[in-house]
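> Protein chains in written order, with full-length UniProt numbering: chain Y, 1 to 258; chain S, 1 to 303; chain G, 1 to 283.
Source of the hints: derived by calculation from the structure; they are not laboratory data.
Think of the CB as a built atom: it goes at the ideal place given N, C-alpha and C, for glycine as much as any other residue.
Among the hints, erroneous ones may be present.
[Said to hold, decoys possible] A few chain S positions that, by computed beta-carbon distances, are all more than 12 Å from chain G:
1. L34
2. N45
3. T82
4. A89
5. V111
6. R150
7. L198
8. A203
9. G205
10. W211
11. L213
12. G248
13. L293
[What the hints assert, rightly or not] Partial list, computed: chain S residues near chain G (C-beta under 7 Å):
14. C201
15. Y202
16. R252
17. E256
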Amino acid sequence: MSTATELRRARPVQAVLAPIVLGLLVVLAWQGAVTAFAIKPFILPAPFAIGAELAANLQSVLAGMTVTGGNALVGLLLGAVLGVLLAILSALVRVLDGMAAPIVSSIAVVPIVALAPVLYTMFGAGAETARQLVAALAVFVPVYFNTLRGLRQVRPVHRDLMRSYAASSWQATRTVTLPTALPFVFTGLRIASSLAVISALIAEYFGGPVGGLGKSITSAAASSNYGLAWAYVLGSIILGLVFYGGALGIEKLATRRT
Amino acid sequence: MTERTLTPERRWRIPRLARPALLGVLGLVALAVLWELYKFFGPNNGVLIGDLTVLPRTSDLAMPHLATMALRLFEPVTGAATALPLWLAVLQACAFTLGIAAVGWIVGVTVGLALALLMQRFRLAEAAILPWIVLSQTVPLIAIAPLVRRWGAQVQLGEFAWENWMSVALIASYLAFFPVSIGALRGLVAPDANHVDLMHCYAVGWWKTLWRLRLPASVGYLLPALRLAAVSAVIGSVVAEVSIGLRGGIGRLIVEYAGAAGGDPGKPWAPIFGSVLVGLVAAGFVGLIGLFLRRFRRGEVNA
Amino acid sequence: MSTLSNSAVPAVDVPAVDIRSVGRIFPGRKGASVTALDNVSLTVAPGEFVSLIGPSGCGKSTLLRLIADLDVPTSGNIRVFGKPARQARIDQDYGIAFQQAGLLPWRTVTGNIELPLELHGVDRPGRRARAAELIELVGLTEFAGSYPDQLSGGMQQRVAIARSLAERPSLLLMDEPFGALDEMTRERMQNELVRICAETAAAVVFVTHSIPEAVFLSNRVVVMSPRPGRIRRVVPVGLGAMRDRGEDLREDAGFFRSLSTVRDLLHGDDGPAIGAPRGVETR
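Just need the whole structure built from these sequences, with the hints factored in.
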């Protein structure tokens, strides 16, 4: 009823149109600025030039996306499974929750990529394992926290209801706890999805085999091939969007059903 | 989960505040024990499935004893006579990185707050900008760190010359602005319709409403956002140091010492502990801000 | 209080609130609009206590929001002390209290009561003095330095009422201010409100769900009906002047008579012809 809350809801047409218009304006301004001020391509190539470069090197960019995307995916799955399992354990066993708290909070405030070099020595610098683990650790944090929050979200009235039905603890978990927590798990996954890509990519800056997007960006930049470097950057942007979009879609599906 | 509330008496009595601390220490000890146990029992070459190493190698090189890591901290960095003790070198690098992260944090927080205010004030701005802000985080812009450096080299205005550390701070701020803009926007629109109506009744303008109502009400949302931003700024600084090749910070030490790991397995762990420290200090600093703003985090109880 | 010149008592013949054939239509999705108010007219005299009562959806809260200029009517017009509602709001001619106390959780009781004074540039000593006065009026002297989360619901609501009185308004708008309180607290608050009204001589427009509350407090009870929101009948209560109303009144025969009249009207029975044709106000 309140006019204040009414104001916050943008009309659908506006919600779709406004960001698109803004995006187009920025790209056009960028292109215009590069042309008008004759900015040299090694500083900032024009968007259309980057597009052309991407088209010309599609094969190698796609290969890089496959490598980095594969690492991110493995990390995402691994981190998500670990995060959910540990969160369930923490919700069930309070002592475990207390023990995990400082470790998980430290992981949350620490640059996980810093672990990349030692992981390379632990798992072999020739394999992708270290990068997948870096991605998994990065994914683990939001998934763990969100799942735990979801599991604690059960309303007292529902818990009392289950008690009054004399429901077993498994029944209560299945009918009340899990459905309540599920949307939170997927929110955690959505946040984690882009983290997985970024982490897998920057782990490449710290060593390991070539082939991924991160290594390709640095080597293209090192050899002053800036157009190509930007094409790889564009590839990584697309990869990030694919992961985010996928997670968002799954989240939408899951929350609609529950 | 339900039974707990029904048993009021505890078996052993521990002061209420000491309990989480004790459990936390227990957790860390458990982690250490796990490390040493696996090192002792695990195969030297790691556990392999086919060609894939699924559990790490346990050689002294790959998994040094915890004692090795700790003792290494108190030895000099190198064999040179003038070398500092390792812990001191790491602490200096920590301070350097923390400084850059702080600059990035301040820039990021300023930009984030400005965006949030803009979006709160103008609905069209929210519709146009918000999706891009969300998308900006799916974009690993940190990937362009090597390219940002190239920009910096071009900037020269009179006395002012762009330095490499500024590129690092710029990337840190890019990571930091996101949580602030989202958190602040959520906080600024958080006041109850009731409170907004009241301000309308008092016939006060946007600025007064912002100052008296929206900003105080947003503190609860802002603080976690500021903490996230601090952490992101640290991560951004560490990574950007590596990819830009800036010397002096903790990120650079991580790569440098990792290269020296061959004969000195304890050494690479020192800057890692350093980065943990930087992250904790950054988060702790925001916690301190929260202490000063405690008054604004009171909940309203509607009986 | 020299800075608050706008709270001067208006000329006697200007009604506190003058509502003329007001309608409010909320546009719904796909053209399905909701008529919250349809052709409503009502006048409230200075110092008069008028309650709006009716089932949910009858538009009583909407009507109050229109008077407060929190919302704008689709048709008709509203004047408050002879001015358009918007001007009256800008001039701070009314004080308002909502169902939720709506206190700012980071301010103490004193700080909350001072808020409107602070916003309108009253100096610090003036604010302190006025707040202390009001805190005493609502009987919360011991809690002047407490924060809202340390108070019970009834106390919070008393602070909200004190806040609404801060600028000595000649009109009070109250939207179910006691709706969230238990029955005991509620009756006590009603007694206090009667006392406060007698002391301040402000006109009151009071939205409520409760029939006894409306009858006990009011000079006139406006019974409304839903879909579309209309005034069904205006019932004059005539239980005497505010200052004479006490706890005994709840046992009075006149009180029960008015009670059953209002109840019959709410239940769809037109009751004895006390008021005027629906929607038209005569006095």
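> Run every hint past the structure and note whether it holds.
Here is what the structure says about each hint:
1. L34: Given that every Cβ of chain G is farther than 12 Å from that of S:L34, nearest at about 43 Å, it holds.
2. N45: holds, 60 Å
3. T82: holds, 55 Å
4. A89: holds, 45 Å
5. V111: Nearest chain G Cβ is 26 Å from S:V111, so the label holds.
6. R150: At roughly 48 Å from the nearest Cβ of chain G, S:R150 sits farther out than 12 Å, so the non-interface label holds.
7. L198: violated, 6 Å
8. A203: Since the minimum Cβ distance to chain G is about 5 Å, S:A203 lies within 12 Å and the statement is violated.
9. G205: violated, 10 Å
10. W211: For S:W211, whose nearest Cβ neighbour in chain G is about 10 Å away, the distance does not exceed 12 Å, so it is violated.
11. L213: violated, 7 Å
12. G248: holds, 42 Å
13. L293: Non-interface label on S:L293 violated, nearest chain G Cβ at 9 Å vs cutoff 12 Å.
14. C201: Check passed: Cβ of S:C201 comes within 5 Å of chain G, closer than 7 Å.
15. Y202: Because about 5 Å separates S:Y202 from the closest Cβ in chain G, which is inside the 7 Å limit, the hint holds.
16. R252: violated, 44 Å
17. E256: Interface hint status for S:E256: violated (48 Å vs cutoff 7 Å).
Hints 7, 8, 9, 10, 11, 13, 16, 17, counting from the list given before, are not met by this structure.
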